[in-house]
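Peer 1: Chains as they are written, first to last, in the UniProt record's numbering: chain A, 1 to 809; chain B, 1 to 809.
You may find that some hints are simply not true.
No copy is singled out in the list; a pair is fine if it fits within one copy or between any two copies.
[To be verified] Quick list of in silico lysine to aspartate or glutamate cross-link-like pairs, EDC-like style, CA-CA up to 16 angstroms:
1. Lys309 / Asp349
2. Lys341 / Glu688
3. Lys245 / Glu300
4. Lys248 / Glu84
5. Lys302 / Glu675
6. Lys420 / Glu269
7. Lys680 / Glu84
8. Lys177 / Asp290
9. Lys341 / Glu685
10. Lys433 / Glu300
11. Lys341 / Glu684
12. Lys417 / Glu221
13. Lys534 / Glu675
14. Lys341 / Asp313
15. Lys341 / Glu675
16. Lys315 / Asp35
17. Lys107 / Glu693
18. Lys680 / Asp220
19. Lys411 / Glu693
20. Lys249 / Asp552
21. Lys248 / Glu306
22. Lys315 / Asp521
23. Lys494 / Asp287
24. Lys542 / Asp35
25. Lys270 / Glu285
26. Lys177 / Asp552
Quick caveat, the hints were computed from the structure, so don't treat them as lab data.
Number of protein chains: 2
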Amino acid sequence: MATLEDLGVSAFINILSAFVFLLLFAVLRIQPINDRVYFPKLYLAHKRTHDHSSRSAVRRFVNLNICTYITFLSWVPGALRVTEPELIAHAGLDSAVYLRIYTLGLKMFLPIAALALLVLVPVNVSGGTLLNLKKEVVFSDIDKLSISNVNPGSNRFFVHLLMAYVFTFWVCFMLYKEYSNVAFMRLHFLASQKRCADQFTVIVRNIPRISSHSTSETVDEFFRRNHPDHYLGQQPVYNANRYAKLVKKRDRLQNWLDYYQLKFERHPEKRPTRRTGCLGFCGREVDQIDYYQARISELERKMASERQKVLNDPKAIMPVSFVTFDSRWGAAVCAQTQQSKNPTQWLTDWAPEPRDVYWQNLAIPFFSLSIRRFLISVAVFALVFFYMIPITFVQSLANLEGLEKVAPFLKPVIEVKVVKSFLQGFVPGLALKIFLYILPTVLLIMSKVEGYISLSSLERRTASKYYYFMLVNVFLGSIIAGTAFEQLYTFLHKPATQIPMTIGVAIPMKATFFMTYIMVDGWAGIANEILRVKPLVIYHLKNMFIVKTERDRERAMDPGSIGLGENLPTLQLYFLLGLVYAVVTPILLPFIIIFFAFAFLVYRHQIINVYNQEYESAAAFWPQVHSRIIASLLISHLTLFGLMSTKEAAFSTPLLIFLPLLTIWFHKYCKSRFEPAFRKYPLEEAMEKDNMEHASEPNLNLKSFLANAYLHPIFHLFEEAAKEEETVEVRIDKAQKQQHHHRQEEETHVRSSSQYHEESHLRSTHEMHYHHEESQYSRSTQYHEGIHVRSDMDSPSPPHFVYHYDIQP
Amino acid sequence: MATLEDLGVSAFINILSAFVFLLLFAVLRIQPINDRVYFPKLYLAHKRTHDHSSRSAVRRFVNLNICTYITFLSWVPGALRVTEPELIAHAGLDSAVYLRIYTLGLKMFLPIAALALLVLVPVNVSGGTLLNLKKEVVFSDIDKLSISNVNPGSNRFFVHLLMAYVFTFWVCFMLYKEYSNVAFMRLHFLASQKRCADQFTVIVRNIPRISSHSTSETVDEFFRRNHPDHYLGQQPVYNANRYAKLVKKRDRLQNWLDYYQLKFERHPEKRPTRRTGCLGFCGREVDQIDYYQARISELERKMASERQKVLNDPKAIMPVSFVTFDSRWGAAVCAQTQQSKNPTQWLTDWAPEPRDVYWQNLAIPFFSLSIRRFLISVAVFALVFFYMIPITFVQSLANLEGLEKVAPFLKPVIEVKVVKSFLQGFVPGLALKIFLYILPTVLLIMSKVEGYISLSSLERRTASKYYYFMLVNVFLGSIIAGTAFEQLYTFLHKPATQIPMTIGVAIPMKATFFMTYIMVDGWAGIANEILRVKPLVIYHLKNMFIVKTERDRERAMDPGSIGLGENLPTLQLYFLLGLVYAVVTPILLPFIIIFFAFAFLVYRHQIINVYNQEYESAAAFWPQVHSRIIASLLISHLTLFGLMSTKEAAFSTPLLIFLPLLTIWFHKYCKSRFEPAFRKYPLEEAMEKDNMEHASEPNLNLKSFLANAYLHPIFHLFEEAAKEEETVEVRIDKAQKQQHHHRQEEETHVRSSSQYHEESHLRSTHEMHYHHEESQYSRSTQYHEGIHVRSDMDSPSPPHFVYHYDIQP
């Protein structure tokens, strides 16, 4: 156990490293060459563009203005200057509410820390148990400030009990205020939002197949019958699985083509060649540029025919559809009610934003869904409690004797001393590190298997899985030594009343550990977050080797996102630590407060300048944050309960029992009071917005506004490419098209023309017959939307859009 | 522990007593004098009427037809002859589905019993452990047939494991089939139901108070704005608290008046008199009949003014309202969606049937509701686990030494030997008996405090509370000796893995106890149910002392109802016993099968001939039945798990772990698959029925149909009385009324006239302006409805309708 001095040293090191990171950040961020690493959001929002002209060659890369180096915290006022409404407009409500979690932490823990340090620390210090026992047990100095210093059976525990009540009430009060604030912000945000396609759209899943009808006809008939007054149209979902694969392949070939063309430009004397045989070693020699051009054009022919197939084949339409209504009221009604007599068919729900849709999961049928959820919940349980088993297995393999047994021929290599020490010292740790690094991805994949249909819900589900992992393996794992599996065994074989005692006794002893944890994981981690080492390195590497055009440079930017999947559980862990230690070892609280304050500044800066908003869920994650903090409160009560019962404070049992009961009631009340605001959309609101819209824009053509809003992004992508590359040809083609409308032999036309045509065909087939001329203008804004969506799609890292469906039987 | 012979004796006694009950029933039911005890349902359904004329005086009371005495089971074919559709038409879907629980039990346990007796019993008998150990422990013969007889560590346990899987799959299969059947029956029933007010009505709670508006205006405005196409009207709910009290008081006085008038008729020579002073001993002497007549007329003046106040005072209107729509579709939409931005206001839900409404709970505000639910759940927990504490306290008071200490002056009385033995032997048991007798009532009151607004939901909630009590105190309490509180203490202080072991080991040893329990509580209890001893006695007592007219005789009938609150948990306990013992001691299964078969016959007979249907919830209790049987399955797995682990069958752990997991998954699947059919109303269905109705009755006046359907029964009562007593005067008054409509001074008119007028005023004020003349005819059917409702209200026993509100601030 660490003494105060040890802790001081640790704090010094961590503060120093954080300081160094900040200093580095201060220097790097003002170099123009790093502009796209530290301000990608501004580029995405078109608030900053690269200007080539004005500056000299050196100044384009290095900042020579000495003045700007002086104030290394100059980013802080900039981060604070932006008001909350501006922030919402700039980065969305999700980001703004995410930052409120930090301010909630500050508002919660500042008064608690003040009270605890003023009241509990003096009580603990004057308790003086440990001073008497000094000879027997070696206690740290920290323990003098904690509850461990109070004599068993002392009346001083009444003070702790009182404080536990005061803290719980304060936390509940703050939680209530914040929940009501966030709910209000959400409703206000939704009310003031401009017209969006998702307000009018409902996603319908599990559409029954009727043999004589196509899916589109079935949907149309069903909604015309059951929502006669408000049904507008529908957007079928295509199975673009194979097509997406082809697109991916073409992109890869295009990359190679670009590479060789660049090579040729640099060395015009020699055209790059290759052999066609295996691995390029044998076979006929061909010109690389010609070869790839030929393959690409061949692939594009294939793509065209595949696209035709997707659009014309009724079997390519999935049993899922985006149904649009002529009013928000109609959509709200449809989303909240049960449609069919068979409760597993015609499942309706709010459509996520178009950019938020996770296309692959759309077609999972109901039965499969229920099996998937069940299997994944078993898998998560196994992962949380038994994850050490495969890792230990890998580690034992890396164990030298084991390795020698498995592969005796390696013996001479292993016996070399350097190799041996490397293997022994590094590999076992590496296995665990790699596991922890890929864990969020694994959890995300698990959530995907569960079948959620929007990125936002996927992230929320990932966050909740990660929370369980952290709770068991970081919190309980640190308190009770041993793996989670051993803990599970202990818990199953100990009486229920013993468990809180075991935890309660260990809690004060682990305070210094958690302080160090907060400094390493919290302080230094946040400083690392602002420096963005990984994106910085990757960007410059890409810039050196890949980037050719301004457009490539834009693609090389990796703005990233807030990463709710990882950050929410981390934050929730800090809340847990703060609440558990508030009564037990209040000296831990300042560490948490510094974390919250520092992280608030950093994340505010990053949200303004760096992160790209992938979707807007209007703070849909708040109920989760709220209930996790409530769970933390309950855990803190339980540990206090256990601790008190070992301290022979018999009076505490009946007094403490009310705390968890009241907390549970508070939670239930909040849930019923606020949660509907996050799950449902009130008709009052919908009607109000509908009426306002009718009054202000009586001639609004909603059909054209909604047409294609929920088209699969792969088609948008195509459409956009066609527009971008050969706009002139399209214009010419438009005239032709009006002559021979709907003629299939147009496939033989130039590529872009036929593409464009198919797009328009696609539009006209889906019960959304509107005038081509009239809607041309309104559609142009949509193309812009399409581009926007696509810029997300194309960013290098996200694995979300693999452009294919799982087709379930 | 009982041997086979003991069990045989017990079985003989119970079968004999059941036989005696049946014989008594066979004799009593064919006596005309008992007709209204054994066939009240037929009287209520007007399928049987009392005929005075044809028979002689003796034959009117006693059946002298010898032939009818011979076949003492003659009621059985009659009970079986009725088909299910007839049963639904006669007694409602609830009753029919309730009977399906018994057939489900038979379908489930007959094959299980056959398989278990054929396979498991031979395996157990040839196991032969106990024979070797005979000298050490005394085992009963039953144990030779049970799993206890198998050697620890034997491979024979694989058979038991296999059977556990087979039984679980069979039970799940039957449950699935039954759930789907019941869901289909429910949907079919709702679809084929004739037009009811509740199909068009939504109950709105927590209407916000707007100072400048009355509640009615607020409701009207809100729904006109947010449901403009379908909103029809509303029925405000009045605070008839004081008025209901006055009605009750008048009824009491009227009873006295009737009594004295009867007395005077019998002895016309002497008018009954009394003194006005204290307890009738001093003061002026008055004529009793005059006295009560004067008091009644005074009270009726008060009632009239109170009624005026209720109808005219805007504060008497509660913040709750029944809102009607012009189509089922509109009502379905409103019931299933969120209305207001504030999720605690404008809470909408399906309106229960008018006869199902529990009026007192209508006005409980949201916040109070959440506190009530929380407090009651704490109270139920306390009741289940600590109910022995107050009883032990009462018992210790009844303890002689204790009593002598508390009241020393009683010493000489207590010391008398007879009194002493009475006190010692009888009183302690009496306290427990009284508690168990009033327990369902206590639980019902608790459910009422929770704030449920329909009788059906109150009964369901009572059932679930009672189930917890039975599970802990009957099932666990019998297995682990000691009070529930002691069990709780044991469970908290034992490791989690030890608990199933403790239960598992005790399970086979308690088999004989539960067999006896099934015989006493099940067999004899059912025989007692058919004999209806209590209603028989009470009816004849009433008939002797109170009944004067045919109408009184109708009131004296106590048909009772199925009593889901008590019967569902009892049935669920039998399912639990059957499933737990299926693998362990299969010889118990025949006892349960006999119970199910016998109870099925008896309840079928009772439902056809006796019970009065209080409401129709369309089998809304089925999800509860289903999930309780699933819970029983899980408990059976857990006990088997514990039992196996003590039997050193190490292989069983990994094999058994899948059973509960699969069961949980099955439950989740069924829940999502079928439960929406019980909670929501599909729009498809609503639209279909609306369209059919429009086609068949294009000129239907829905407003007049819905007017006053949800008027507080106290007003219906009044209206009806007015009509019945002074129809002529009303007719005259009608002409007057048309002349000076809406004049307040009509209060001075004769009572009935003013009453009638107020009724019409009541109608015309609530946004349901319709032609008086036109609707007169349609209303007449409603009066009939009103009478029907009232006949429930007036039946002597039910405590549900106390005719007052709790007004919450």
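Peer 1: It remains to establish, for every hint, whether it holds in the given structure.
Peer 2: Here is how each hint holds up against the structure:
no.	hint	in the structure
1	Lys309 / Asp349	neither (29 angstroms within a copy, 48 angstroms between copies)
2	Lys341 / Glu688	between (31 angstroms within a copy, 11 angstroms between copies)
3	Lys245 / Glu300	within (12 angstroms within a copy, 86 angstroms between copies)
4	Lys248 / Glu84	neither (40 angstroms within a copy, 62 angstroms between copies)
5	Lys302 / Glu675	neither (50 angstroms within a copy, 48 angstroms between copies)
6	Lys420 / Glu269	neither (51 angstroms within a copy, 124 angstroms between copies)
7	Lys680 / Glu84	neither (25 angstroms within a copy, 41 angstroms between copies)
8	Lys177 / Asp290	neither (67 angstroms within a copy, 66 angstroms between copies)
9	Lys341 / Glu685	between (28 angstroms within a copy, 7 angstroms between copies)
10	Lys433 / Glu300	neither (43 angstroms within a copy, 86 angstroms between copies)
11	Lys341 / Glu684	between (27 angstroms within a copy, 7 angstroms between copies)
12	Lys417 / Glu221	neither (76 angstroms within a copy, 87 angstroms between copies)
13	Lys534 / Glu675	neither (38 angstroms within a copy, 50 angstroms between copies)
14	Lys341 / Asp313	neither (29 angstroms within a copy, 44 angstroms between copies)
15	Lys341 / Glu675	between (28 angstroms within a copy, 12 angstroms between copies)
16	Lys315 / Asp35	neither (49 angstroms within a copy, 68 angstroms between copies)
17	Lys107 / Glu693	neither (40 angstroms within a copy, 60 angstroms between copies)
18	Lys680 / Asp220	neither (25 angstroms within a copy, 23 angstroms between copies)
19	Lys411 / Glu693	neither (78 angstroms within a copy, 88 angstroms between copies)
20	Lys249 / Asp552	neither (19 angstroms within a copy, 89 angstroms between copies)
21	Lys248 / Glu306	within (14 angstroms within a copy, 81 angstroms between copies)
22	Lys315 / Asp521	neither (52 angstroms within a copy, 61 angstroms between copies)
23	Lys494 / Asp287	neither (74 angstroms within a copy, 79 angstroms between copies)
24	Lys542 / Asp35	within (15 angstroms within a copy, 96 angstroms between copies)
25	Lys270 / Glu285	within (14 angstroms within a copy, 135 angstroms between copies)
26	Lys177 / Asp552	neither (46 angstroms within a copy, 60 angstroms between copies)
Taken one by one, the earlier hints fail for this structure at numbers 1, 4, 5, 6, 7, 8, 10, 12, 13, 14, 16, 17, 18, 19, 20, 22, 23, 26, listed in ascending order.
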